[in-house]
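S.K.: Taking the hints into account, I'd like the entire structure generated from these sequences.
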Amino acid sequence: MAVKSFIRSAWYSAWLGWKLETNWADPLTFAGYYLLRPFASLLIVGFIFVIGSFAGGNTNTQYFTYLFLGQIAYVYVLQITVTTGYFIHEERAKYETLRSVYVTPTSIRPYLLGRALSAAFASTVSLLLTIVFGTIVFSGLLGLNLEIDLFRINYAALVMSLTLGIVSLISTGFILSGINLVSTRLQMNLSEYVSGIFFLLGDVIFPPTTLPYPLYLISYVLPVTYYTRAVRASIIDGAWDVVIPNLQMLLLMAILTTIVGSIVFAAAEKRAKRLGVIDRKSEY
Amino acid sequence: MSNSVEQQKRKVFDLKTIEVENVSRIFRISSEKEILALDDVSLHVKEGEVFGLLGPNGAGKTTLIKILATLLLPSKGRAFVAGHDVVKEPAKVRRVINLVSGGETPGYGSITTRENLWFFSQLYGLPKGESMKRIAKLSEDLALQEYLNTRTHKLSTGYRQRLNLARGLINDPKVLFLDEPTLGLDVITAKRIREIVRNRVKNGSGNSILITTHYMVEADQICDRIAIIDRGRMIALGTPAELKKMVSKQTIVSIETQPIDGGMDFMSSIAGVNGYSQTDEPSTGRIKLKVVLNEEGALQNVIHAVSARGRIFEIAKSEPTLEDVYIALVGKGFE
Chain A
135 MAVKSFIRSA
145 WYSAWLGWKL
155 ETNWADPLTF
165 AGYYLLRPFA
175 SLLIVGFIFV
185 IGSFAGGNTN
195 TQYFTYLFLG
205 QIAYVYVLQI
215 TVTTGYFIHE
225 ERAKYETLRS
235 VYVTPTSIRP
245 YLLGRALSAA
255 FASTVSLLLT
265 IVFGTIVFSG
275 LLGLNLEIDL
285 FRINYAALVM
295 SLTLGIVSLI
305 STGFILSGIN
315 LVSTRLQMNL
325 SEYVSGIFFL
335 LGDVIFPPTT
345 LPYPLYLISY
355 VLPVTYYTRA
365 VRASIIDGAW
375 DVVIPNLQML
385 LLMAILTTIV
395 GSIVFAAAEK
405 RAKRLGVIDR
415 KSEY
Chain B
2 MSNSVEQQKR
12 KVFDLKTIEV
22 ENVSRIFRIS
32 SEKEILALDD
42 VSLHVKEGEV
52 FGLLGPNGAG
62 KTTLIKILAT
72 LLLPSKGRAF
82 VAGHDVVKEP
92 AKVRRVINLV
102 SGGETPGYGS
112 ITTRENLWFF
122 SQLYGLPKGE
132 SMKRIAKLSE
142 DLALQEYLNT
152 RTHKLSTGYR
162 QRLNLARGLI
172 NDPKVLFLDE
182 PTLGLDVITA
192 KRIREIVRNR
202 VKNGSGNSIL
212 ITTHYMVEAD
222 QICDRIAIID
232 RGRMIALGTP
242 AELKKMVSKQ
252 TIVSIETQPI
262 DGGMDFMSSI
272 AGVNGYSQTD
282 EPSTGRIKLK
292 VVLNEEGALQ
302 NVIHAVSARG
312 RIFEIAKSEP
322 TLEDVYIALV
332 GKGFE
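Sequence order for the protein chains is A and B.
Going from the first sequence to this note's numbering is simple: count from 1 and add 134.
Going from the second sequence to this note's numbering is simple: count from 1 and add 1.
Just so you know, these hints were derived from the structure itself, not from any lab.
Hints are not guaranteed to be accurate.
Claimed, not checked - Here are the in silico distance ranges between beta carbons for each label pair:
(1) B:L149 <-> A:A227: 20 to 30 angstroms
(2) A:L284 <-> B:K134: 37 to 47 angstroms
(3) B:L184 <-> A:M322: 23 to 33 angstroms
(4) A:R405 <-> B:K34: 14 to 24 angstroms
(5) B:G104 <-> A:V137: 34 to 44 angstroms
(6) A:Y347 <-> B:E22: 57 to 67 angstroms
Stated by the list, open to error - Among chain A residues calculated to face chain B with C-beta under 7 angstroms, some are:
(7) S139
(8) S143
(9) L150
(10) K153
(11) L154
(12) N157
(13) A159
(14) Y229
(15) T231
(16) V237
(17) T238
(18) R405
(19) K407
(20) R408
(21) G410
(22) I412
To be verified - If you want the footprint, here are the derived chain B segments under chain A, 3+ residues with CB under 8 angstroms:
(23) 64-77
(24) 94-104
(25) 109-122
Yeah, the Cβ is synthetic: ideal placement off N, Cα and C, and Gly gets one too.
M.R.: What follows is the structure, encoded as structure tokens:
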């Protein structure tokens, strides 16, 4: 019964999330926004690479493919983890509905999960559009031979990577939500800080082996690192013997982040109730 | 818990929907500063009762409601809603309650009124048909029908508060918490909300309402019993009539005067004055004083002291109100 109620609440929260994501604009503007936002990031990194390569007189397409796929994978990080971390602030300050949701029988967890799943669905649209348009622009128009062969992609492994990535990134979002539940100061900034760290240290644009010593270690405890690796392995290598070790590590990270996310959020909720800050608005 | 214990527990609380036992709440502001928001408060709310918490801003009313609605933990004491401990069994409490707060305009602005209500009905697990019926009924009761398909960011403050109340009633809660539900609303909307509150318990449904307000008239009109709270302490409890009886032996006088240089602090030192409150009358530029006297003879002292400082336009004796009870108990009106 409790599980059924939880799923039901999560489902309708996902419905609400989708409504809130899409209702602000007409469908065409919405689709454009969901393409432009991640695509703009891809273009910035892509053109920095292109200019740097021409200036240096050497174009390393292997590294460009690494960058391209890192950016593609990062779409999920930006739109799932960052958005989920931001929900508490949004509920408190923008909609002022946090206490109304909190006092419902299933309370806030299925709500956050549903909203996060809705963000995951929306970001999948972004991700697919970015792959298509990114390939057209960089491989087609600019002639930067991306080392992506549509027939060599291991689609089953890619779906598994994305699914485990969603689990891991939502759980990370729950950790951020928990921190925001207790703190009324960090709010939006917290997600920005964390997404910045993930971008630099999560094997998105720099391989961990190229990072200085202490940062190198941090990179290996971030779930994003294993998620981006699994996505790259599924697309570039395709072979199961290469993909499976990456998937195993990602699975392990997904389980760990789910456990840590649940513990952190439960502890944060308890502390927020003790401090009396659950429905308190942000101070900044 | 075994069935018999559960049944026994329910029996005890059959008539008491809310039970608050010696609840205190301390907020720690810094390492050196603490605020005692609730100080050893005990009360109960009966089935089918509208119970009012009356007090000025910062008295501790909202703190108590938040504890009962499982949003906040008490520092000390215990509280039960429908027989369930608010600390140990929050999920069971949430199944039978709902909360509506005034003074804010909550809701998801980019979806419609109907969608807002639908979403919350689903969080309460209502079947679809039942949900649609309730949305129709509530929108009729609250005159929201023509705005059902309007995005809520386009609603006025009054209509958003009606939507807020409809959301609070969507699960037909056994216990409804209303925290200043008419704050900042126009007279017509406030009246409508009071009517709905009264009607909700009138039909013998056994539903209870705990309402906080600092509007004396509102408390007088709709509450069966009232607890007056000041600085976290409950200083009086009873029906409006019982509370007014507390000042029946005292004399209540209204004095209209011009603004007095240096303020009205001198009133506290006049012999026989139990308490007073003052209200500015912007339309006339005058001040209206409400004075509670321990004995009628003290009126001469008051007239003498006020007229020595400014002109008196009108003096009248009045029937006791809840405001007079508060003045008599605390020595001053709401700030």
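S.K.: Double-check S139 (chain A) for me: the hint is only fine if its C-beta lies closer than 7 angstroms to a C-beta in chain B.
M.R.: holds, 6 angstroms
S.K.: Should the interface hint for I412 (chain A) be scored as holding, given a Cβ-Cβ cut-off of 7 angstroms against chain B?
M.R.: holds, 5 angstroms
S.K.: Against chain B, with CB atoms and a cut of 7 angstroms, does the hint on T231 (chain A) hold up?
M.R.: Status holds, d = 5 angstroms.
S.K.: Determine whether the Cβ-Cβ distance between G104 (chain B) and V137 (chain A) falls within the hinted range of 34 to 44 angstroms.
M.R.: Cβ of G104 (chain B) to Cβ of V137 (chain A): about 37 angstroms, so the range 34 to 44 angstroms holds.
S.K.: Three residues minimum, CB to CB under 8 angstroms: does the stretch 94-104 of chain B make the cut for coverage by chain A? Let me know.
M.R.: holds (count 6)
S.K.: Going by Cβ atoms only, is A159 (chain A) closer than 7 angstroms to chain B?
M.R.: With Cβ-Cβ at 10 angstroms, over 7 angstroms, it is violated.
S.K.: Using Cβ atoms only, decide whether G410 (chain A) comes closer than 7 angstroms to chain B, and label the hint accordingly.
M.R.: holds, 5 angstroms
S.K.: Using 7 angstroms as the Cβ threshold, decide whether L150 (chain A) counts as touching chain B.
M.R.: Result: holds, 5 angstroms to nearest chain B Cβ.
S.K.: Given a cut of 7 angstroms on the nearest C-beta pair, is the interface hint for R408 (chain A) held or broken against chain B?
M.R.: holds, 5 angstroms
S.K.: Against chain B, with CB atoms and a cut of 7 angstroms, does the hint on L154 (chain A) hold up?
M.R.: Status holds, d = 6 angstroms.
S.K.: Would the hint on R405 (chain A) stand, with a C-beta cut-off of 7 angstroms toward chain B?
M.R.: Given a least distance of 10 angstroms, the restraint on R405 (chain A) is violated.
S.K.: With respect to the beta-carbon atoms only, verify the hint that L149 (chain B) and A227 (chain A) lie 20 to 30 angstroms apart.
M.R.: Given range 20 to 30 angstroms: holds, Cβ gap about 27 angstroms.
Hint violations for this structure: numbers 2, 13, 18, all remaining hints satisfied.
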